[in-house]
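> Here are the chains, one letter per residue:
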Amino acid sequence: MKQITIISGKGGTGKTTLVASFAALAENIVIADCDVDAPDLHLLLHPEIVKREEFKGLKVAAIDKSKCIECGICEAACRFKAISDNARDGDFFTGVTGSGYAVNPTRCEGCGVCVFVCDQDAIILTERVSGYAFISKTKYGTMAHAQLNIAEEASGKLVTVVRNNSQRVAEEEGSDLILIDGSPGIGCPVIASLTGVDLALVVTEPTMSGLHDLARILDVTRHFGIVSVVCINKYDINEANSRKITEFCQERGVMIVRNIPYDPVVTEAMVAAMPVVEFSDCAVSNAIREIWASIQ
Amino acid sequence: MIISIASGKGGTGKTTIAVNLALSLSNVQLLDCDVEEPNSHIFLKPEIENVKSACTLMPEIDNDVCDYCGKCAAACEYNAIVVLPTQVMVFPELCHGCGLCAMVCPRDAISEEPREIGVVRKGRSGDNIELVYGLLHIGEIMAAPLIDHVKEEIDPEKTVIVDAPPGTACPVIAAIEGSDYCILVTEPTPFGLYDLKLIVEVLKVLKIPSGVVINKAGIGDQNVYRYCEEEGIPILLEIPYDKKIAEYYSEGIPFVNAIPAWKDRFAGMIDGIRGEL
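Protein sequence lines, in the order shown, are assigned to chains A and B.
Mapping to the working numbering: the first sequence position 110 is 110, numbers consecutive.
Mapping to the working numbering: the second sequence position 107 is 107, numbers consecutive.
Pulled out of the complex, with its shape left as it was, chain A reads as follows (with noise of 0.2 Å):
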């Protein structure tokens, strides 16, 4: 079984509508979204959930008013500044001022350390339930996908969840490759939906930004040992960026496997809530399915 992960560095690059594509296009494959904080797929691929189960991400502290005697000492030791006076400070999120500590559950990390430095015994860590986990049938395959609770922390962990899921049906279900929708950026769920893939595909675009973030993601998947090859899309809208990009990447020793022209159909597509090889017989399509033909 194989893994392929699509990613960007940067966000708006079309990752969603290739992965969308991807999966109208193979056979036999396990679908997995790892973009758990702003997931996009589901809007293309109809998943109908066939599971659903809590994640339960970090711990948050909580304070036992009738216990606690104000003495500040958790605030002086919490390194998250989560927690805070709000006769002083006032209330985190409303400013308006209440009585006593409280916990920012948006700040807080679960460490414990406010729980060990309590002479009161007035704080304890309690479990919440940061986000879902689903699985679900789409027509194109099983798909493994969740939703992280907004302002939550762990997106990485749910990522590892996702991708433990989708490794579990494509075992069940005899599926020879899963495929990975990536995030934007370079840290924790990135490097959670990377780790031990066999192929990193970079989706980037002409503009000098889609160049830097291309730079910094090529040397992540490098730092991890992943093979990585490269897709300009919208290639047309700056042919002059298209071929630094390509004179960067053979620098790099980085492989650009085909570039997607610009057309307004991909919008249409997305509008239409469709996979955008099946929405239209277009160069955007075809473009698409020699991608596919050559990393698969």
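Derived by calculation from the structure, the hints in this document are not laboratory data.
Where hints are given, some of them may not hold.
Unchecked claim - Not the full set, but computed from the structure, chain A residues with beta-carbon under 8 Å of chain B: (1) 25; (2) 26; (3) 27; (4) 215.
Stated by the list, open to error - The list that follows gives simulated cross-link-like pairs (lysine-lysine, DSBU-like), each with its CA atoms no further than 30 Å apart: (5) 204/B - 151/B; (6) 244/A - 204/B; (7) 81/A - 197/B; (8) 51/A - 197/B; (9) 59/A - 157/A; (10) 244/A - 45/B; (11) 81/A - 158/B; (12) 151/B - 157/A; (13) 197/B - 151/B; (14) 65/A - 158/B; (15) 151/B - 244/A; (16) 71/B - 263/B; (17) 244/B - 81/A; (18) 157/A - 197/B; (19) 207/B - 56/A; (20) 197/B - 139/A; (21) 207/B - 81/A; (22) 56/A - 2/A; (23) 67/A - 71/B; (24) 52/B - 81/A.
Glycine included, C-beta positions come from ideal geometry on N, C-alpha and C.
Given the structure of chain A, go ahead and fit chain B onto it with the hints provided.
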């Protein structure tokens, strides 16, 4: 006043708005908090005056003192320490730098050493703009602590613009927390709308007032407009999908420099926000 620029979806034009807004105002500080893929400097070409190292703390075990009791590993919520019969292993990529292991060690065998996760660069672009941006080192996973380092540079004497990373998770919160107002940049497409709804929910939690800038107006459909109307979210500005603007972007040229009439629209948008606050 601190104004952050966020979007949920990547590639909708956060950096475009942040940079062009900065160029339309006076006495501005722009903080690029997309430390994974910062792009503002490509457009503003700052002269860098100062580079600071940004560190988190990591446990270091003194093997001469450690008796492998395992209390540090039991206390660590992130499984970042494993204690074997004659060896302690620390996994830097799991460590959050909370310091609990050093606190619980009965033999004081754990010290905390700084580990560089990235750098914060500060410079000037023209007479008007101070740019601060973070650059996460390759292979590092913790963007939020680096964003905190960038935000330590906030100059309250200036109008501060925070360019946030995409998404809705912890790095976004770290970037936009403490803002007086948040400008949400979206494109009028199904992806743009879905991710806009997510970031609107984030702002409800953080209780930050917000308005929407629609970028690439004219593509896609009308559903973003309908949603904003239903939710009572003001549309602050529309930037049409325009080949010329896309071309300037691709070359790394801020479009207000090429089409100066836009400066008044950006400045007017900020006047409106100030009035509302």
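> With reference to the structure, classify each hint as holding or not holding.
Evaluated hints:
1. Annotation: interface hint on residue 25/A violated; nearest CB of chain B at approximately 20 Å, more than 8 Å.
2. About 21 Å separates the beta-carbon of residue 26/A from the nearest beta-carbon of chain B, more than 8 Å, and the hint is not met.
3. Evaluation of the residue 27/A hint against chain B yields a violated restraint, the C-beta minimum of about 26 Å exceeding 8 Å.
4. The closest approach between the C-beta of residue 215/A and any C-beta of chain B is roughly 10 Å, which is over the 8 Å cut-off, so the hint fails.
5. Among the hinted pairs, residue 204/B with residue 151/B is consistent with the structure: their alpha-carbon atoms are about 22 Å apart, no more than 30 Å.
6. Note on residue 244/A and residue 204/B: the hinted pairing is violated, with a Cα-Cα distance of about 43 Å set against a maximum of 30 Å.
7. With a CA separation close to 28 Å, the supplied pair residue 81/A and residue 197/B stays within the 30 Å bound.
8. For the hint linking residue 51/A to residue 197/B, the alpha-carbon distance of about 24 Å falls within 30 Å, and the restraint holds.
9. As the CA atoms of residue 59/A and residue 157/A are separated by approximately 13 Å, the hinted pair is consistent with the 30 Å bound.
10. With a CA separation close to 19 Å, the supplied pair residue 244/A and residue 45/B stays within the 30 Å bound.
11. Proximity of residue 81/A to residue 158/B is assessed by CA-CA distance (about 25 Å); at most 30 Å being required, the pair is judged to hold.
12. Restraint check for residue 151/B and residue 157/A: the C-alpha separation of about 26 Å stays at or below 30 Å, so the hint holds.
13. Restraint check for residue 197/B and residue 151/B: satisfied, since their Cα atoms lie roughly 26 Å apart, inside the 30 Å limit.
14. Only pairs whose Cα atoms come within 30 Å are accepted, and residue 65/A paired with residue 158/B is rejected, the gap being roughly 39 Å.
15. For a cut-off of 30 Å, the pair hint linking residue 151/B to residue 244/A is broken: about 34 Å separates their Cα positions.
16. Annotation: proposed proximity of residue 71/B to residue 263/B is violated, straight-line Cα distance about 60 Å (limit 30 Å).
17. Proposed proximity of residue 244/B and residue 81/A is contradicted: the alpha carbons are some 45 Å apart, above 30 Å.
18. Of the supplied pair hints, the one linking residue 157/A and residue 197/B holds, its CA atoms being roughly 23 Å apart against a limit of 30 Å.
19. A C-alpha spacing of about 25 Å is found between residue 207/B and residue 56/A, which places the hinted pair at or below 30 Å, so the restraint holds.
20. A hinted pair counts as satisfied when its Cα atoms are at most 30 Å apart, and residue 197/B with residue 139/A qualifies at roughly 27 Å.
21. The straight-line distance between the Cα atoms of residue 207/B and residue 81/A is roughly 18 Å, inside the 30 Å bound, and the hint therefore holds.
22. For the hint linking residue 56/A to residue 2/A, the alpha-carbon distance of about 28 Å falls within 30 Å, and the restraint holds.
23. Our distance criterion of 30 Å between C-alpha atoms is met by residue 67/A and residue 71/B, whose separation comes to about 26 Å.
24. For the hint pairing residue 52/B with residue 81/A, the CA-to-CA distance comes to about 21 Å; that is within 30 Å, so the pair holds.
The structure fails hints 1, 2, 3, 4, 6, 14, 15, 16 and 17 (numbered hints given earlier, in ascending order).
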